[in-house]
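**Student:** Each chain is listed here by its residues.
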Amino acid sequence: MSLLLELFLTFAKIGLFTFGGGYAMISLIDYTCVEEKKWITHDEMMDVTVIAESTPGPIAINCATFVGYRQKGLIGAAVSTFGMVLPSFCIIFVISQFLDHFLEIAWVAHAFLGIKAAVGILILDAALKMMKKMKKKPLSLAILGCSVLAMLLINIFALKVSSITLLLAAGVVSLALFFVREKAGKAGAGA
Amino acid sequence: MIYWDLFIGFLKVGMSAFGGAYAAIPLIRDVVLSYGWIEDEMLTYMIAVSESTPGPIMVNLATYVGSSQGGFWGAVLATTAVTLPAFVIVLLIMVALKHMLKNRGVQAVLQGLKPCVIGIIFATGLHMILRNCVGSLAAASADLTMILITLGLGAVYFGSRKVLKKGISPIGLIGISAVVGILVYGVK
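Residue numbers (the numbering used here), protein chains in the order written: chain A, 334 to 524; chain B, 13 to 200.
No wet-lab data here; the hints were simulated from the structure.
Just so you know, these numbers come straight off a predicted model, no measurement behind them.
Honestly, I wouldn't trust all of these hints.
To be verified - Taking lysine-lysine and the DSSO-like style, the derived pairs with C-alpha atoms no more than 27 Å apart in a straight line are:
#1 Lys-174(B) / Lys-465(A)
#2 Lys-466(A) / Lys-200(B)
#3 Lys-177(B) / Lys-470(A)
#4 Lys-24(B) / Lys-114(B)
#5 Lys-462(A) / Lys-114(B)
#6 Lys-462(A) / Lys-200(B)
#7 Lys-469(A) / Lys-178(B)
#8 Lys-174(B) / Lys-469(A)
#9 Lys-114(B) / Lys-465(A)
#10 Lys-519(A) / Lys-468(A)
#11 Lys-371(A) / Lys-405(A)
#12 Lys-24(B) / Lys-110(B)
#13 Lys-174(B) / Lys-466(A)
#14 Lys-177(B) / Lys-462(A)
#15 Lys-114(B) / Lys-469(A)
#16 Lys-405(A) / Lys-346(A)
#17 Lys-178(B) / Lys-465(A)
#18 Lys-466(A) / Lys-114(B)
#19 Lys-24(B) / Lys-462(A)
Could you build all of it, start to finish, from the sequences and the hints given here?
**Tutor:** Dropping the structure here:
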């Protein structure tokens with residue numbers, strides 16, 4: 334079997350069988366690509382995870398691109414990423430054709446009223462889990478507090494401010510303080 | 013043009029979603045609501061569907077929104093746009109920028125982004141619950157049934173971690189909430 338086909342099928346399988354998004358996928362990718370196929374090493378898998386966490390976009394895509402590129406260059410990366418996306422694309426495309434009609438059935442609509450409550454809890458829980466893992470420095474806590482407040486106000490008053498603006502502001506503030514500290518450090522060392 | 017809007021809209025999401033799927037939800041909400049593509053309610057339902065079907069949640073949401081606005085090609089464009097930045101960035105890092113991530117300035121920016129992402133996700137979840145239970149600012153009214161369902165589900169979800177080793181999974185909670193919805197609103 335050609336390597337490209339194997340990359341495609343392997344990532345299609347991972348894309349088809351992992352529920353629950355990125356972090357669930359990392360464990361399956363680790364199992365398949367490191368232990369089973371030996372396409373990348375444990376250390377490289379750690380690198381991917383760090384890269385995935387510090388760059389934007391779906392974590393699964395970052396991993397597929399990394400492994401594919403390692404094995405077969407640009408084409409390998411493209412084929413792996415395509416394989417990763419294809420199963421869920423097909424499933425969601427089919428669902429999107431039916432969801433509106435589906436919701437007209439009374440008991441389905443009732444079920445989704447309950448689900449509406451669950452989604453809020455799941456999102457809140459995702460944030461709480463991240464908070465637990467976050468390093469609690471004063472600057473981080475201040476940014477956290479400010480962005481919770483700002484985002485709540487934006488939502489409640491339906492303000493036309495994108496959350497990307499908040500991200501930009503946080504990045505700029507953090508970088509500015511970094512430079513201030515660097516400068517203060519140098520001035521201190523010079524004196 | 014809708015295809016162009018879909019592509020640019022989801023390219024922005026793909027470029028700004030630091031921290032995985034849940035970080036993308038507020039961004040996708042921004043884009044979808046500002047263009048008036050689908051309603052908040054429908055997006056909430058779709059988050060649950062994306063959580064219960066395989067594949068990255070961000071990609072699933074892009075496929076759905078794209079398909080609902082621009083059919084098959086809309087779905088293809090939105091999905092491509094949301095995955096493209098991650099694809100390109102990883103390639104760039106592998107080919108040329110391996111050391112950039114270790115740069116202290118870059119690290120400082122990332123250190124600032126993380127708590128902001130967490131804050132945005134937290135506020136989005138909290139606002140969703142508030143809106144379900146007491147309505148929006150324009151149409152405020154307490155919905156007692158919804159408040160009780162939310163409290164009950166929250167108690168079961170967080171309480172299960174004390175009893176079971178791993179607690180109930182997200183898909184498990186969605187399943188339970190669907191049954192609760194059918195029972196409560198069906199009898200009403």
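**Student:** Each of the hints needs a verdict: does it hold here or not?
**Tutor:** Hint by hint, here is what the structure shows:
no.: 1; hint: Lys-174(B) / Lys-465(A); verdict: 17 Å, holds
no.: 2; hint: Lys-466(A) / Lys-200(B); verdict: 42 Å, violated
no.: 3; hint: Lys-177(B) / Lys-470(A); verdict: 30 Å, violated
no.: 4; hint: Lys-24(B) / Lys-114(B); verdict: 25 Å, holds
no.: 5; hint: Lys-462(A) / Lys-114(B); verdict: 25 Å, holds
no.: 6; hint: Lys-462(A) / Lys-200(B); verdict: 36 Å, violated
no.: 7; hint: Lys-469(A) / Lys-178(B); verdict: 25 Å, holds
no.: 8; hint: Lys-174(B) / Lys-469(A); verdict: 25 Å, holds
no.: 9; hint: Lys-114(B) / Lys-465(A); verdict: 24 Å, holds
no.: 10; hint: Lys-519(A) / Lys-468(A); verdict: 26 Å, holds
no.: 11; hint: Lys-371(A) / Lys-405(A); verdict: 14 Å, holds
no.: 12; hint: Lys-24(B) / Lys-110(B); verdict: 24 Å, holds
no.: 13; hint: Lys-174(B) / Lys-466(A); verdict: 19 Å, holds
no.: 14; hint: Lys-177(B) / Lys-462(A); verdict: 16 Å, holds
no.: 15; hint: Lys-114(B) / Lys-469(A); verdict: 21 Å, holds
no.: 16; hint: Lys-405(A) / Lys-346(A); verdict: 19 Å, holds
no.: 17; hint: Lys-178(B) / Lys-465(A); verdict: 16 Å, holds
no.: 18; hint: Lys-466(A) / Lys-114(B); verdict: 21 Å, holds
no.: 19; hint: Lys-24(B) / Lys-462(A); verdict: 26 Å, holds
Violation of the numbered hints given earlier is confined to hints 2, 3, 6; the remaining hints are satisfied by the structure.
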